[in-house]
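Q: Residues per chain, in single letters:
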Amino acid sequence: MTAAPLIDRRAGSELRPALRRRPTRFRGAILMFTVPFMALFVFVYVAPIIYSVVQSLFATQSSGLGFGEPEQVFVGAANYAKALGDTEFWAALGRILLFGIVQVPVMLGGALLLALLLDSAAARWVSVYRVLYFLPYAVPGVIAAVLWAYLYSPALSPFVAWGDSMGIDLDFLGPNVVLWSMANITTWVFMGYNLLIILSSLQAIPRDQFEAARLDGASEWRIAWSIKVPQVRPALVLTGVNSIIGTLQLFNEPQVMHVIADAVSSSYVPTMLAMGAAFVKNDFGYASAVSVLLAIVAGLISIVYYRIAMRSDA
Amino acid sequence: MTATLPPKAAVDEGARRQRRRRDDAEPELTVSRGAAIATLGALTLAAVYFLIPIWWLIVSSTKSNTALFNSNGFWFSDLSLIDNVVDVFTRQNGLFSRWLLNSVLYAGVGGILATLLGVACGYAIAKYEFRGRGLLFGTILGGLLLPAALLTVPLYLMFSQIGLVNSVWAVIIPALVNPFAVYLGRVYAAASVPDELIEAARLDGAGELRIFFTIGLRLMSPALVTVFLFTFVSIWNNFFLPLIMLTDQSLYPVTLGLYNWYTATREANYNVVITGSLISVIPLVVAFLSLQRFWRAGLSAGSVKS
Amino acid sequence: MKQRKILAGIVAAGAVVTMLAGCSSASGGSDSGSVTLGYMGWVPKADEAVAIWNEAHPDIQVEYSPVANGQEAYPKIRSSVQAGNAGCLAQLTYDQVPSFVADGMLLDVTDETADVADTFLDWTWSQVSPGGKTYAIPQDTGPVALYYRADLFEQYGIDVPATWDDFAAAAEQVHAADPEVTLSYLATDDSSTVAAYAWQRGASWFSIDGDSWKVGIDDAASLESAEYWQGLLDSGAIATTKRWDPGFYSELASGKYLSMIGAAWNTALITANVGDTAGAWRVAPMPTDGDSTDTANSGGSAVAVLKGCEHPEQAVEFATWLNSSEESLDILAASDGGGLYPAATEALDYDVVNQADDFFGGQNLNEVFKESAQNVNTSWAWGPTYSSTDTALTDGLSKVATGSSTLPDLMGSLQDSTLSDMEDRGISAIPAD
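Protein chains in written order, with our numbering: chain A, 50 to 363; chain B, 13 to 318; chain C, 3 to 435.
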């Protein structure tokens, strides 16, 4: 987000003259390898950002009864002001933040724990477990959401039926529960994937470090906590950033649950809010403003997370 | 930015191999029986969590609509699997097979092109000195931090103005840009394509393109397969982009098609959605199981979600 | 070695799919001299009607693309118009027509439709002519009636309720007899029925006063209706459900609800999805407030002409045929074809509409629906931002279901949000009070 406009400015003013002074070798080849990707990158990543920002400054306006041809009017920051004053926007943002604060640590904590268990001396059949854990990743997110929606739906759910037979009233779709029901779907799909990244990182730690610790009388838990965990921090940072980005664009689960759950409104998460503004209310300016605000939040959170995760490294 | 990603892909590869030997052999130290049982118990419990929904999916795909409501969800009842499969493939004049084919097309073509474009760019960043190289790489990795879903609506508006919406390209073009491919291309090029080899080829009079295609790509083939696999999966799994971009049902990928059936409210069609979901998952599961060693190599190099 | 083989395989696969892509994009051409009209809709057998038309009209070919119904379809239709590849025609429920006009998505076909206006019920024609210009051809209407299970009514000793007071008393009686079962339900994902309850009592959510809108979503009649239903919800006599969740049909089949207050188009849905209960269903007139015989309309669609359509004249010709000819309605109005209740005046006497139905114990439902259609309070209009209001209504109903809001409160907040939506758009609007 922040880096993208930078390259435009530099490329125009500073970089070109520098290149002219000191021509780079293999310029043709470099261009041939990088330009196709960069052109598409600009088209698919940079241009939509600029487009969003521009679009967010306009609003559709009609007059009288509203049946004349609507026109696009420059409104400055009005769409941003509207978003910041919109309780639905804050509610949607609050939901994904709450979701992220709970789901990301639970998922990564679970993945780390399972990875440590798989990496421990007590584990057997590691390759079998590894594949089983990874299996849900092969289920497309929206299909996973549909699958779990059926497992939650009172009419069809074997869990609800089982609860009934035990006299327990299970409700996965209640207003205070449904967010966590969705968190479970995300966790189910991505935990194994994150686990494998962490596990790969664990397995790259030279084994003699553990031998030395064992000779000093350290317990397995002690080794795991003091030797293994610090060394997989980069993997945790990576999976953490990925998960945060994923959380901010949470869409599949609420979109699917919206069909069956009263507690999931049409603007439950920011992506749904933006989509509704665009394709139900025909308010592309507002949709763009919401997207831009969310991108800023994404950038801030990633930077803060990265800073915190890396600082404690020292 | 760079530092967020584990920088030692090549090293991991070796460690992985070393580790595999250990898996099969007896562990080096004796573990108490209690610890072993507790560990395996926890691992098995986790496996049950991951497998229950899949088991339910398999069992349910064999049931008729009525049986879905009247029987134990975790065990077989009437066997209507064949009927369900026939229903899935004949509904709407056999649109489902078209959807599957579309998914293969989008993920296949998108995966191949995204891999080539990204790896070529990563190769250039690794193997050539030029001004702005770091900035270029940083910008591309910055793309990883951007929630792609946020770009979809503006992208839709841009595409609609140039007439690309509701076409194959609307789904493929955005998928071609995969910053992770650049990252992995750079890491692998640095680790597995020796500079001396490139210099030697130059002395033999080979052009840069030829060197890339004959030497670079060959040496980086594990990276290519990994990047291809993960791009393939991310396109196959994508839902938001086709949802926004496509109107014509015959262009739908299988995810969107199934969602369309899921929200089709004129009839109770659980059996079709459930069986269709199972069928749509099978190709990826098979691909993942059979290509294990490739994606595991990719994961250890620090791959990314989506 | 193995890697190279895989690579070769990938490249080969790529070549194949590229060829496939070439094939698919090459198709879709049409004969020169003929006109091709795109048509998006969700009537189940519309493709069969279209095929008959195409057979008879080689010079006006229609390409039908099915879209998921209602709320799922509108974003698709909107995005297609936005992208300029929508073709010519799309199905819209009446409540959406003014919003689509206000968003600049429909084409003014007042001139092209001048001589077909009389073919359709007057009030449907005014529904497709917001602000006095015509943008769509009416397709079907949704006169509301009471679908009920005769066997269960007998079992619980209930008479068919003629008034809302009877209905409430019957609801309490059923609930007292078996708390697991209710007389009927309030569907939180079916805003059109909630609007119909207000409509029947004489509410006026939108009306035009000179060059300005009057908005009355919280008018006396709307609040009266809201309080009535909130009372039934509070006492537990009525449950809430999601009627567009397919799980609804399993509830219906299980006898959890003894009846359903719904529009005529439900006939086909009930017949198709709760086959086990064939013969047990009957239809009675919608309960009234006792003083008047007014009923209401819920849903029903028009076929709208989209902005960008290059052949509006032919589009109107086809849509008129589709929605009024016996040839077409024999398919669309049949209960296995969509069960549309036609908006064309003469069509109400077609055999396909006017016949005994075994699923309903040999009852001729048309006797009920025709009367209901004639008693629909016809002054009702929808506003130019109703697509937003409708979404807010649906979200609000869900809040009512989860207990975080009440129906009367919802009407108040809809009134406010609708007025502010209109103000934001620069549309002039005042509260009706």
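No lab work stands behind these hints, which were simulated from the structure alone.
Treat the hints with care, as some may be off.
Said to hold, decoys possible - Calculated Cβ distances over 12 Å to all of chain B for the following chain A residues: (1) 83; (2) 102; (3) 139.
As the list claims (entries may be wrong) - Lysine-lysine pairs mimicking BS3-like chemistry, simulated, CA-CA at most 30 Å apart: (4) 401/C x 135/C; (5) 131/A x 135/C; (6) 216/C x 47/C; (7) 131/A x 258/C; (8) 216/C x 135/C; (9) 135/C x 258/C.
Claimed, not checked - Below, a sample of chain A positions facing chain B; criterion: calculated Cβ distance under 10 Å: (10) 187; (11) 212; (12) 215; (13) 229.
All C-beta atoms in this analysis are idealised placements derived from N, C-alpha and C, irrespective of residue type, glycine included.
Q: Failing hints, ascending?
A: 1, 2, 4, 5, 6, 7, 9, 11, 12, 13
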